[in-house]
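J.: The lines below spell out each chain.
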Amino acid sequence: MSATEAASQAAAPHEAGRDYFASLARWKVWEILFWATLAGCYFFPDIDRMLMSRVIIWGLFAMSLDVLLGYRGIPSLGHAVFFGVGAYVAGFLGKFGWTEPISGLFFAMFVAGALGLVMGKLVQRVTGVGLLMVTLGLNLIVFDFVLRSTELTGGDDGLQGIVIAPVLNYFRFDIWGRTAFWYAFVVAFVLFVVTRMLLKSPFGLALIGARENPRRMLTLGAPVEGDVSRAFMIAAALAGAAGALLTQTTQTAAPTYLSFQRSADVLVILIIGGAGRLYGGFIGAIVFILLQDYVSALSPVYWYFWIGLLLVIIVSFFRKGLLPSVEQLYDRLRSRKSAGPPG
Amino acid sequence: MKTALSMLAATALAALSAQATTAQETLKIGVLQSYSGMTALGGTHTDMAIKLFQQKYGDTPGGFKLQLVRRDTTGPNPEVAKRLVGEVVTRERAQILIGPDFTPNTLAAAPILTEAKVPSFVTGAATTGIVGERSPYSARTFFATPQLCKPLAAYAVKQGWNKIFVVAADFAPGHECEKFFIAALKEANGTLAGNLRTPLSNPEYSGYIQRIRDAKPDAVFIFMPLGELSIGIVRAINDSGLKASGLKIMGTGDITDEGYVDAVGDAALGVITTGIYSTQHKSALNEEFVKGFMQLGEGKHRVGWSAVSAWDAMRIMYDALESMKGQKFDPDKFKAFVYGHKFESPRGPVQIDKSNGDIIQNVYIRRVERVNGVLHNVEIETIPNVPFK
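Listed in order, the protein sequences are those of chains A and B. Following the working numbering from start to finish, the first sequence increments by one per residue and tops out at 347. Following the working numbering from start to finish, the second sequence increments by one per residue and tops out at 391.
To be clear, the hints were calculated from the coordinates, so they are not data collected in a lab. Misleading hints may appear alongside valid ones.
Stated by the list, open to error - List time: in silico SDA-like cross-link candidates among lysine to any residue, alpha-carbon distance up to 20 Å:
id: 1; chain 1: B; residue 1: K119; chain 2: A; residue 2: V228
id: 2; chain 1: A; residue 1: K99; chain 2: B; residue 2: E135
id: 3; chain 1: B; residue 1: K30; chain 2: A; residue 2: W180
id: 4; chain 1: A; residue 1: K99; chain 2: B; residue 2: P113
id: 5; chain 1: A; residue 1: K125; chain 2: A; residue 2: V228
id: 6; chain 1: B; residue 1: K53; chain 2: A; residue 2: K125
id: 7; chain 1: B; residue 1: K181; chain 2: A; residue 2: T154
id: 8; chain 1: B; residue 1: K181; chain 2: A; residue 2: S153
id: 9; chain 1: B; residue 1: K250; chain 2: B; residue 2: L271
id: 10; chain 1: A; residue 1: K99; chain 2: B; residue 2: R136
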């Protein structure tokens, strides 16, 4: 009796930690609502499913940047490299006979992740503006390589002859985007769950710690530099998955997939949605891509102007991004409610 | 009871609208061009040409009420183009497309157009083998790369310029053009003095000019994308004194495009190019076209090739729809009319190939001259019915 009591007492601090992480990892109602709504979009009668699959893909891509920027505080101006590498790997597989999409996706993630690890090793000691320069430089190099090696990549014309087999040998990628939607949704959801698990674990906490105060984390004995390259690897693999999804759902791969413009766009999407929230990328993608589509259809000639204007407005009214601003508002309302007289 | 009533009402409505369609069927035409970014001029000119055409011929050819659905492809961006084509075809239910522009976009659109049986007009992509080979309902009103890249080889040799140096921009169309020109040169028994590929993002030509000088060619053949690079290289060759020492400058029409030949200035005088269209083409139709276009653009725009391509796409479309007067729109009948269609364009006689919808047209050898104080590409020789291969 006393022996078990002593044992449970010894385990208590561990248990407290476990409870803490368990509470972190618990799914909130609005999270379930979010994914249910996203899935429910499919059944909306006049929905453009191709567009929605694109939104999901961009959301996943922005989430991958969130791992770096939001959780570890590493700004990257070259994130499209990993997206593009994933896209081209999936494209090459499809072109040279490996048409099965799911294994192709994993392989693309693997290659992009490996590149991310190397990249992370390169930049793990660099900080601030230097980091921007290095990532931007890498992006330009890879972009130029893809654009110029026309025999290999088709250059400007993009990769031709990509064939993607039906998902699970049954669901063909059709022009209505039915398969594209579900394929993108399921992949994005699964990867989201995995990422969420990683970030709500001690590893994620260590990333946030290093973001807030790297020196303190060092004195605690946390492998700060190693974590940078690991974070890069995870982010790159996720971005690679997004790229592969885009290639597989559209059967195209082009140099624009890894242009600097795309790196900038994904940063904008994440900032609009709010960094460090995991959902910021998805919210930003919904706003940015739908807005882009709507405005560009309304005014094909001047839409960039309107997009720019709306971006300025969004950023100046929601300083930290949409999601954190909404969160703040919600907290304020709740505290007012609880502070009010009971009854 | 209520449901039965509403169903009845719905059937009545459907019957009514069906009657309306036989009287005048609305036909949506997707116009997918670049309206933003560096390549926005193509979209602007396409729109102007369509507007000009509809001013003259109305918007109900063959009793079909046309409705335009415009979308911005943003440049060579297959991801966007593919999605827009999908959207315009599946949701807007467009039944004919003008565009998308650029080779990667055209290729990305092909599977959708094939599956949905939507005829399209390629008005802004020049790579070979991307029309009927990829989507059996497409036709091209632009040009195919060999049409511009081959003829100058034989022309140069005929003029006694035997040693020719080739400079091409280092991108896919550049490689293709270089290949065609060198092959044609071999066929014409000319000599290749050397060839160079210049980067797309390096406007510093002095090193390259020196290599041309060392090779001592009679003429240089240039292929550059539309825009800054074309202006840069013609001026660089002129400034180096090579042109003054007798080197002939040749190239595809891109290097002396009407859009910026004024910026090249006197350096462009005497440059020989191949082209499918010049505002100076002598025909009544062209005179009227140029006049109308100038009026529409208030003199700010000189007519570019994308405008002529769009005009011709409209011409074919209207002729085809007229031929289907009183019937329902049918893509197969449309295609049967378009493939093999012959007509007079502002650029001269044009024919759409019967087997794969590519274009057969005259190619003109032009020389840059001053006409009434303005630099123009004046046609000096016509090569009739040049095939697309």
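J.: State for each hint whether it applies.
T.: Going through the hints against the structure:
| no. | hint | in the structure |
| --- | --- | --- |
| 1 | B:K119 - A:V228 | 57 Å, violated |
| 2 | A:K99 - B:E135 | 18 Å, holds |
| 3 | B:K30 - A:W180 | 18 Å, holds |
| 4 | A:K99 - B:P113 | 15 Å, holds |
| 5 | A:K125 - A:V228 | 12 Å, holds |
| 6 | B:K53 - A:K125 | 57 Å, violated |
| 7 | B:K181 - A:T154 | 14 Å, holds |
| 8 | B:K181 - A:S153 | 16 Å, holds |
| 9 | B:K250 - B:L271 | 11 Å, holds |
| 10 | A:K99 - B:R136 | 16 Å, holds |
Checked against the numbered hints above, the structure violates hints 1 and 6; every other hint is satisfied.
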